[in-house]
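**Student:** Chains P and C supply the protein sequences, listed in that same order.
With the numbering used here applied, the first sequence covers 1 to 426.
With the numbering used here applied, the second sequence covers 1001 to 1426.
Keep in mind that the hints are not guaranteed to be accurate.
For lysine to any residue, the following SDA-like pairs were computed, each having C-alpha atoms within a straight-line distance of at most 25 Å [to be verified]:
(1) P/Lys371 with P/Asp351
(2) C/Lys1125 with P/Lys371
(3) P/Lys94 with C/Arg1152
(4) P/Lys149 with C/Lys1125
Listed below are several chain C residues computed to face chain P (Cβ distance under 8 Å; list not exhaustive) [stated by the list, open to error]:
(5) Arg1042
(6) Lys1131
(7) Leu1133
(8) Asp1135
Per the computed footprint, the stretches of chain C lying under chain P, defined by three or more beta-carbons under 8 Å from a beta-carbon of chain P, are [said to hold, decoys possible]:
(9) 1018 to 1031
(10) 1053 to 1067
(11) 1222 to 1236
(12) 1325 to 1333
(13) 1391 to 1398
(14) 1407 to 1414
To be clear, the hints were calculated from the coordinates, so they are not data collected in a lab.
For every residue, glycine included, the Cβ atom is placed at its ideal position computed from N, Cα and C.
There are 2 protein chains.
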Amino acid sequence: MMDTRGQSEAPHVLIVGAGFGGLYAAKALAGELVRITVIDRRNHHLFQPLLYQVATAALSPGDIAHPIRAILSRQKNVRVLLAEASAVNLQSKKVTLRDGEITYDYLILATGVRHAYFGHNEWEKWAPGLKSLEDALEMRRRILLAFEKAEREPDEKRRRELLTFLIIGGGPTGVELAGAIAEISRQVMVRDFRTIDPGEAQVILVEGGPRVLPSYPDDLSAKAEKSLAQLGVQAWKGAPVTSISEKEVRVGDRIVVAGTTLWAAGVEASPLARSLGVKLDRAGRVLVEPDLTIPGHHDAFVIGDLADLAGKDGKPLPGVCPVAIQQGRHVAHNIRRACQGKPLRPFEYFDKGSLATIGRAAAVADFGWIKFSGFLAWAAWLFVHIFFLIGFRNRFVVMFEWAWAYFTFQRAARLITGDINARPSS
Amino acid sequence: MMDTRGQSEAPHVLIVGAGFGGLYAAKALAGELVRITVIDRRNHHLFQPLLYQVATAALSPGDIAHPIRAILSRQKNVRVLLAEASAVNLQSKKVTLRDGEITYDYLILATGVRHAYFGHNEWEKWAPGLKSLEDALEMRRRILLAFEKAEREPDEKRRRELLTFLIIGGGPTGVELAGAIAEISRQVMVRDFRTIDPGEAQVILVEGGPRVLPSYPDDLSAKAEKSLAQLGVQAWKGAPVTSISEKEVRVGDRIVVAGTTLWAAGVEASPLARSLGVKLDRAGRVLVEPDLTIPGHHDAFVIGDLADLAGKDGKPLPGVCPVAIQQGRHVAHNIRRACQGKPLRPFEYFDKGSLATIGRAAAVADFGWIKFSGFLAWAAWLFVHIFFLIGFRNRFVVMFEWAWAYFTFQRAARLITGDINARPSS
């Protein structure tokens, strides 16, 4: 029912996933003589770098998401379908949907990664991860409920446990979550309670490796740890998590009873990759050719977090937006060349640097030729994130929310939605 | 564990429900020598008059909700507890919570109403109502999904059904929902689809009585119907709904197959009222004394939508915010008098008028001494709603969103959250 090849001579480009990779690929094909179909199981593009701000009540879901069809509405060679892909057949050039199928001449797979528990999927219930808006709202619910439950808890020991927040994983997401939770407990919640002192909340960041932000240079990790300490976050390093249950979390030989445990430790590829029948890496990502094609298939590309490709230094490219954006544009370029009968070109990543925030007016930046931290890094972080947000309205509102939060120490979205009696955590 | 009577000599005022009634009662007791506890099963006060705008993607949940404890944080004689009341014992002056109990010297019950299906609770699944943020997000999901499904539907008849929106109940909520859905389909969605023409969506408003807005004067009902017709809404009057199933809705002798059916037809009192063991009206509301006390109990008040009290004209006061606000303040005043040993005073409602909007720049207003419609009524509607929204941040953002929507014909919050494969409706 959705085979569109017969309708016209223009080749059909099917893009699965409208994250940064898929969206920038579609945009880079504007004006080309191709028919593009973008499918996604969400109706919105999500600005994932700010998802932790939704989880910590600083922004609303609508501020960091934008309807895919609104983004692409003026590009006449694109149609957008809300659909979930369940399998890819590279031989017959077909993608199976949950309710139908769709053929392609060129395929761009950009379905990304989701959080993973190293084979312990039972941990998810007690330590949810952060990949979608629903995940963020669930985290927000647990964090805010912990304070509410503590306010009503007569037993002091239990109250202390309820006010313990354990964040597992010391990468950028874990660091940003820990910083934001420390900040709201010390600066925002502190005036609003009568029984508890939210400022006494314990925020513990657990990292299995020897330092936080392992993908950053050593000195920036050290600066990030210092900023976290100033906010009152305890960073436990070299501390592998060995078990997570309803009652407690085991970290090395320590046992933590935390009211709220959050997961920011690992990702695995979208399960769609397994249906390809090609070689995957340990995290389930597709080992792509230098031109981003699937080995043996010149008409099928994988980009963004779902692709495993080594950079100039021989290490795999990181799962960050700039890689996805550049790969999206590069694949559009390669499809244009293929339509003209020209050979495909290998992808080269131009690393513009990394940024991570640690609460109010603190951040670390690594632009390769320069590394810095503190207020300037934070200003750079603000600028870059506003710039890549899609839509004037979202940019304006996010800037307003940040300014508002900065000057008033308030948070815009302190809402608990869903059932308050649902078990929030231990 | 939560008996607070022994702690101090000041009488304990327990307010159940932090809608307009409960909140204004708490605020009006600021500075009094009483200890106030506000309990609510939500952590936020919700501005219900704008809930339909969340349901139709114009506003985000955070724009019309504010944490109760943030609203009351500076009022030192108040504590706020997130808790759900399940029963009231007027004799022992105790409120049973789902997890504990709490005693009072004075009780203010302000738990409002919820939507009701006239004994057909099985209809809720196919025709959800609008009382909470979760309800609004579910409506939004169904409305937006209907367009998405239609875009992928090859069968023309089925596509037309998917683009049929049936709103049951011609009061203000039904009129506002119908107007907003017609508006987004004709003005917002129309550019973003390739297969369907969202402007062809059928929006049907069904009212059992002889005219829409039955609580308004005749001529304003007529004007509202005219505005609805201009937006392309069909208003079926004298059209009682007799059955709602997965497949179809029966309205009189007509059968409608609608992709989305929404309920705005009836309310019933919060079930807490039944635990009082006092006389209730047909909708389950408490028949209160003129001083808003429960008959025979001078220390227990019921206010807002949960109270049934006749106005000067002998008709029951309407379930609108101004009634709740004035009753909240009046009860605060009566508690102050009771503390001083003075007799309680009867409540008198000062009717400031009614307002309802029907889409872009159209509304009807009835201020008693003057009735008007059109742009001026719409401007009055904007002003009044911004004024009663709580919090500068929310006022600013809502004004921005409205201006943005007015000039760009966009909607800020077109997000589908939750499972897209969950059955949205028929």
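**Student:** Hint by hint, note whether the structure agrees.
**Tutor:** Checked hints:
no. : hint                    : verdict
1   : P/Lys371 with P/Asp351  : holds, 14 Å
2   : C/Lys1125 with P/Lys371 : violated, 56 Å
3   : P/Lys94 with C/Arg1152  : holds, 17 Å
4   : P/Lys149 with C/Lys1125 : violated, 32 Å
5   : Arg1042                 : holds, 7 Å
6   : Lys1131                 : violated, 13 Å
7   : Leu1133                 : holds, 6 Å
8   : Asp1135                 : violated, 11 Å
9   : 1018 to 1031            : violated (count 0)
10  : 1053 to 1067            : holds (count 6)
11  : 1222 to 1236            : violated (count 0)
12  : 1325 to 1333            : violated (count 0)
13  : 1391 to 1398            : holds (count 3)
14  : 1407 to 1414            : holds (count 5)
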